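These are the residues of each chain, in order.
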Amino acid sequence: MIAAEQSAYSYLSAYQDLAPSLPGVDQPWLQQLRAEGLAAFAERGFPNIREEEWRYTNLSALNKTVFAPVAEQGIDAAWLQSYRLEDAYSVVLVNGRYVAGLSALSGLNDGVSVRSLAEVLAQNPAALAGKLGQAVASSEHNLVAFNTAWFADGVVIEVAAKQQLDKPLQILHVVTEANALVVSRNLFLVNDQAEAEIIETYVGSADSYFTVSVNECLLGRNAGLTFYKAQLEAAKAQHFGGTYVKQAPDSRFAHHNFALGSLLARSDIHSDLDKASACTLNGLFVASGRQHLDNHTRINHLQPYAISREFYKGVLDKKARGVFQGRVVVAEGAQHTDSEMNNRNLLLSADAEVDTKPQLEIYNDDVKCSHGVTVGQLEEKSVFYLQSRGVDAETARNILTFAFANEMADKVENAELKGLLLQELLARFPAMNL
Amino acid sequence: MSTSAQEIENLISQEYKQGFVTELEADTFPPGLDEDVIRRLSKVKNEPEFMLEYRLKAFRHWQTMNEPDWAQLKIDPIDYQAISYYSAPKSKKDKPKSLDEVDPELLETYKKLGIPLDEQERLAGIAVDAVFDSVSVATTFKGKLKEAGVIFCPISEALQEHPELVKQYLGSVVPVGDNFFAALNSAVFTDGSFVYIPKGVRCPMELSTYFRINAANTGQFERTLIIADEGSHVSYLEGCTAPMRDENQLHAAVVELVALENAQIKYSTVQNWYPGDKDGVGGIYNFVTKRAECRGRNSKVSWTQVETGSAITWKYPSCVLLGDDSVGEFYSVALTNNLQQADTGTKMIHIGKNTRSTIVSKGISAGKAQNTYRGLVKVAKSAENARNHTQCDSLLVGDKCGAHTFPYVEVKQPSAQVEHEATTSKISEDQLFFCQQRGLSAEDAVSMIVNGFCKEVFKELPMEFAVEAQALLGISLEGAVG
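Protein chains in written order, with full-length UniProt numbering: chain A, 1 to 434; chain B, 1 to 482.
Honestly, the hints are just simulated from the structure, not real lab data.
One or more of the hints may lead you astray.
What the hints assert, rightly or not - The calculated lysine-lysine pairs, modelled on DSSO-like cross-linking and capped at a C-alpha distance of 30 Å, are:
1) Lys368/A - Lys353/B
2) Lys368/A - Lys74/B
3) Lys381/B - Lys236/A
4) Lys347/B - Lys319/A
5) Lys64/A - Lys381/B
6) Lys318/A - Lys278/B
7) Lys381/B - Lys368/A
8) Lys275/A - Lys459/B
9) Lys459/B - Lys368/A
10) Lys381/A - Lys381/B
11) Lys275/A - Lys353/B
12) Lys368/B - Lys381/A
13) Lys368/A - Lys236/A
14) Lys411/A - Lys275/A
15) Lys275/A - Lys368/B
16) Lys368/A - Lys455/B
17) Lys368/A - Lys278/B
18) Lys319/A - Lys455/B
As the structure is a computational prediction, the values presented were derived from the model and not from experiment.
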């Protein structure tokens, strides 16, 4: 506990120097938001396992190092290129800062604007008032509060009504410095009847750092947003990534979450569904070594006729720990809700652990809701079948494990991204050379 | 729906049939709780020294604890100093030797409840250790059980006659500091049942206790301890009804089960305490800690519960599967209507190898009630080949009620297989229409569908209880659909 207090104290004292340099100091509404975040963090520090939503994820390791924001540094272009998708626009955030020079946005159609958050706050802050902080508040938990107080930059993407992003847009979050504190806040405005496909990629060339990223997505009526997240952070990184969505009537939101990197990672995906909107959440977490991957989702059915589908898979090897917490809330009056949730987990080693907590909270009668969870290991019969065809046991296991995970990669429609994900997955199941 | 709103209104507002108060003089402590009250309580009950220490330890621990607030429940604050912690019927000194000596008014109470004690003897299937308020007043079938070597008596009597057994097992499953209500119970429990089944004995009859909460302002703190020694078998029934009261009455019971090698315990409950009126006034607070330990190889514990009563239910009958190849089962029907709240479920802790558990939970929520399933399946690293299957279904009747499912699954063993399934839906219009088309009234159709929904659980109940359970369900639910 003392470590936690010291850690919070050192962040707070560093904040004194940092605050004047943060964008939007002259905006009372933003200062208000930041003050709320800061007050919440000052009171309780980082979330701890006594909080119900954090009972399986212990952040005390965060208290051992004090991470600090770093200035923009040089970047290995060739290395970055290996994560960049060819057939997509791209935005690069280096250590949490928007770098225009590395971004590739030429050819973007008129109805789409992609800008740095700091830049918008400097030039036209009024455009963000009432939008920033609408999908999530500091009261959610203290990492959101921390993000709200600390963020220095991020990206603001707006797709005008009836407009479409003609190509996917990739956001590359890159960290180059050890012990860096990388706080970014991103805003996605997909207006009425607009469509967009966003691909988030988190990578790091430094070893150990701390990412705190918050996305807010506001979807207009009948808008569609497909969101991919490839979390490929460095092996000792700590990662928090939250995506909070507000869906207007008839909108469609699909999120595909691939959590493969980091030592300790937590992902939050929350969506508020208005009338007749649809929400699909797919996810895969593959952890090995001492990795800890926590996946937290919440779907709020606030109005009638909305549909939600959720499917998460986990593969845990060595001493890894996986967590799935999925919550579906059907509010009073949200008649004709249709919701399904599924979580399947594969435990490959005696030291691995999975904790899963699917929750249904229903305040209404005319609903169709279900959830299912399984935890198990590879079927011996399947392994034997492959062995009887001359495949050695280890390869057989890798094939079956890969097949289990591949089901989620298969749901990715972007071929290029799928290739990148498969490459990352295959690297985790070696000895499959037949 | 064909049923008129008026009819539904009438049916929903049915009075609680078991509500009445028996006028009995009671020897009651003034309200309040401190160490002196506990000392006095222990003295009145003439308990051995270790019991007083046990109680004081629990009380001191309890004072450091806070009420749990994690459940999906809204609980009005409880004033623990406003409760009287001891109440005994006057006839305590000279305990009746047979039913003839029992206060006729008391017997009348049981008759109204439909459990005529004088008929029980002839029915021969069940021995009833009837608990009226806090002191046991009648125990039947002692002789037959004695022959088999079975000890079935009030726990206060067991403390006099078998202190070593009580000392060995009491608090070994639910330690004094386990949770707020268990600690309170450990400090102030007045009576309850004690069962010991010796090695290799199959209990010749089903054991049953009926609880009553009677004198006003008396919290009831029951303590049940069942020990099934190696190779033994017992089926225990617990049924509850309470008279109508306006004040919330607290019930914080603790049930401990111990199953040794090859032993089997089946514990069935039908709970129909006063749920409060339709505005949520009155009703019992039912905060119960029930836990079983399968200590030996091949042991088995099966919990079956039908929960239709109480204003608030907070109850998680659990199994700790320590022995290899041990089995835990949990079958539950929880029905809430009007403003009732229930947060109930189970914990299955797999520690031994090849341990298996099954959870079947059926929740029915009507009116403005909130019904929550909360369960934990935990597979420790040592539990090779552990197996769990969980099925929890919720049925919603009316658009103002709520049904919630909070399962926790924690697995540390790769060879374990754990499955959890949950569905929530309302009664299908098609099914209702189908039944009505064949000449059933809307009422009967709903009752039939709900009974079908619960069948998986009812078939686990002993015969007598299954009938009672179905009737209870009918009374509690009839007409709640429109």
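Against the structure, the hints come out as follows:
no. : hint                : in the structure
1   : Lys368/A - Lys353/B : 37 Å, violated
2   : Lys368/A - Lys74/B  : 26 Å, holds
3   : Lys381/B - Lys236/A : 26 Å, holds
4   : Lys347/B - Lys319/A : 25 Å, holds
5   : Lys64/A - Lys381/B  : 29 Å, holds
6   : Lys318/A - Lys278/B : 55 Å, violated
7   : Lys381/B - Lys368/A : 36 Å, violated
8   : Lys275/A - Lys459/B : 42 Å, violated
9   : Lys459/B - Lys368/A : 27 Å, holds
10  : Lys381/A - Lys381/B : 24 Å, holds
11  : Lys275/A - Lys353/B : 49 Å, violated
12  : Lys368/B - Lys381/A : 50 Å, violated
13  : Lys368/A - Lys236/A : 42 Å, violated
14  : Lys411/A - Lys275/A : 26 Å, holds
15  : Lys275/A - Lys368/B : 24 Å, holds
16  : Lys368/A - Lys455/B : 21 Å, holds
17  : Lys368/A - Lys278/B : 28 Å, holds
18  : Lys319/A - Lys455/B : 43 Å, violated
Consistency with the previously given hints fails for numbers 1, 6, 7, 8, 11, 12, 13 and 18, ordered from lowest to highest.
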